[in-house]
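Take the given structure of chain A and dock chain B to it, following the hints.
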Amino acid sequence: MSILVLIPTPLQKFTAEQASVEVNAATVDELLKALEGHFPGILARLTDENGKLRRFLNVYVNSEDIRFLDHQATALSDGDEVSIVPAVAGG
Amino acid sequence: MTATLSRATFTGLRCKECGHPYAATARHVCEDVCFGPLEVVYDYDAIRSRVSRASIEAGPSSIWRYREFLPIEGDPIDVGTGFTPLVRANRLARRLGLKHLYIKNDGVNMPTLSFKDRVVSVALTRARELGFTTVSCASTGNLANSTAAIAAHAGLECCVFIPSDLELGKVLGTLIYNPTLMAVKGNYDQVNRLCSEVANTYGWGFVNINLRPYYSEGSKTLGYEVIEQLGWRLPDHIVAPLASGSLFTKIRKGFDDFVKVGLVDEKPVRFSGAQAEGCSPIAQAFAAGRDFITPVKPHTIAKSIAIGNPADGPYALDLARRSGGTIASVNDAEIVAGIQLLAETEGVFTETAGGTTIAVLKKLAEAGTIDPEETTVAYITGNGLKTLEAISGVVGEPHTIEPQLASFNAAWERAQSLQRASWEPMGV
Numbered sequence: 001m002s003i004l005v006l007i008p009t010p011l012q013k014f015t016a017e018q019a020s021v022e023v024n025a026a027t028v029d030e031l032l033k034a035l036e037g038h039f040p041g042i043l044a045r046l047t048d049e050n051g052k053l054r055r056f057l058n059v060y061v062n063s064e065d066i067r068f069l070d071h072q073a074t075a076l077s078d079g080d081e082v083s084i085v086p087a088v089a090g091g
Numbered sequence: 001m002t003a004t005l006s007r008a009t010f011t012g013l014r015c016k017e018c019g020h021p022y023a024a025t026a027r028h029v030c031e032d033v034c035f036g037p038l039e040v041v042y043d044y045d046a047i048r049s050r051v052s053r054a055s056i057e058a059g060p061s062s063i064w065r066y067r068e069f070l071p072i073e074g075d076p077i078d079v080g081t082g083f084t085p086l087v088r089a090n091r092l093a094r095r096l097g098l099k100h101l102y103i104k105n106d107g108v109n110m111p112t113l114s115f116k117d118r119v120v121s122v123a124l125t126r127a128r129e130l131g132f133t134t135v136s137c138a139s140t141g142n143l144a145n146s147t148a149a150i151a152a153h154a155g156l157e158c159c160v161f162i163p164s165d166l167e168l169g170k171v172l173g174t175l176i177y178n179p180t181l182m183a184v185k186g187n188y189d190q191v192n193r194l195c196s197e198v199a200n201t202y203g204w205g206f207v208n209i210n211l212r213p214y215y216s217e218g219s220k221t222l223g224y225e226v227i228e229q230l231g232w233r234l235p236d237h238i239v240a241p242l243a244s245g246s247l248f249t250k251i252r253k254g255f256d257d258f259v260k261v262g263l264v265d266e267k268p269v270r271f272s273g274a275q276a277e278g279c280s281p282i283a284q285a286f287a288a289g290r291d292f293i294t295p296v297k298p299h300t301i302a303k304s305i306a307i308g309n310p311a312d313g314p315y316a317l318d319l320a321r322r323s324g325g326t327i328a329s330v331n332d333a334e335i336v337a338g339i340q341l342l343a344e345t346e347g348v349f350t351e352t353a354g355g356t357t358i359a360v361l362k363k364l365a366e367a368g369t370i371d372p373e374e375t376t377v378a379y380i381t382g383n384g385l386k387t388l389e390a391i392s393g394v395v396g397e398p399h400t401i402e403p404q405l406a407s408f409n410a411a412w413e414r415a416q417s418l419q420r421a422s423w424e425p426m427g428v
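Protein sequences appear in the order of chains A and B.
Position 28 of the first sequence, counting from 1, maps to 28 under the numbering used here, and the rest follow consecutively.
Position 253 of the second sequence, counting from 1, maps to 253 under the numbering used here, and the rest follow consecutively.
The shape of chain A in the complex, shown without the other chains:
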């Protein structure tokens, strides 16, 4: 399944400065691994030593925070858009 992933500026050095990339994955977890396949080194920036997404990273599937869905097990469908947003700011 082809998923469009929006890459935040600080991680674009891994993706040859591309702001969005396409990968095949059926869950968010798979997507993280697929990113590592294409862009070695990126996984260690996205997750901690236990494979959990870093506390200050937010991941959205079609604009919905995955903490409202199934976290890293959230299923993905063809054409979904996944956005990675570092450190919530605001307030």
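Among the hints, a few may not be true.
Derived lysine-lysine pairs resembling DSBU-like cross-links, with alpha carbons at most 30 Å apart [said to hold, decoys possible]: (1) A:K33 <-> B:K16; (2) A:K52 <-> B:K16; (3) B:K267 <-> B:K16.
Since the hints were derived computationally from the structure, they do not count as laboratory data.
What follows is chain B alone, placed relative to chain A:
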């Protein structure tokens, strides 16, 4: 290096989580390591050598009397922000069974009647220093008012983002300064996320995104002022509203700064936070004993504090716990009653965030969580004239009369009997 000539007392930024250092540019994320939030690093020896109680007291009647503690290099944008009244609230105290209660009234802050003028004055001063010509923000209302106003004063271009369902006072109170106003069809967290993406693409200074490390420091002045206005001492307990959690933690940092440079004696201060039940992710985590925040979708009249995914939530949670404070929530009806209670006892008309704070203060006082002997400060962060919708329909109506004495006499009689009918015996 011209460090010896500069008035700056800050040296850079660093990650609050992993400590990784960064230069003092427009950035807010630990991009090289863990994506944690960045904070400003100060040279406290330099600050200590430059400030005294007397030097501060001789400064301007604004936040800039504390400029050595703020992250700017040159001349500040001074629109008279800060040094708002600390009111001894005797009538409210008696009603709540407390003895030493104060209201820090930022509802009369300048220029836009909320505490946001503090953070924006700092952020736009820094934005100008960093060379930005357009400034922006993701706002629940008050911040949009403040950013648009102070940008107008400073001659900066301004484009601000709000959720599209805000109160009229917040919308018109932004438009009057003629910024570009984007009303986003979504809640604040969606606005915030959109702005993170815009900040990535447009070269703008977003006060609460890429300028957030500087911006948030402005809230420390709410700590400094209370110390100074109490006669150079710390309170025992503070109650403040929680939205992102930044204000709450920066009041603590303000207290810490003054202790660190010897301006005030250290003593424990309890920190209690107030949330609206319809958006209470931090209160829920507190009650459940969790150390992480589960985001929520907001449904409350307290729109100015309706942040479902609070950036500083974990830090606020930690502060309440380690200081022996608490985090409580109140429902919309209690919030309106809180607005009324503060107005009727102290003559201070606050918006829904302040109603939340007063309602939580009442709840904690009634539960005995606040000791009557504690010197307690409740932070009122915004003005009631901006959220008239919240109290319309619950404060009664005027007696409309003819311009004749007989008409007045009859109406006065009616008013007296109405008042007798609704009168219930209570203290005060």
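**Request:** Determine which of the earlier numbered hints do not hold for this structure and return their numbers in increasing order.
**Result:** Structure breaks no hint.
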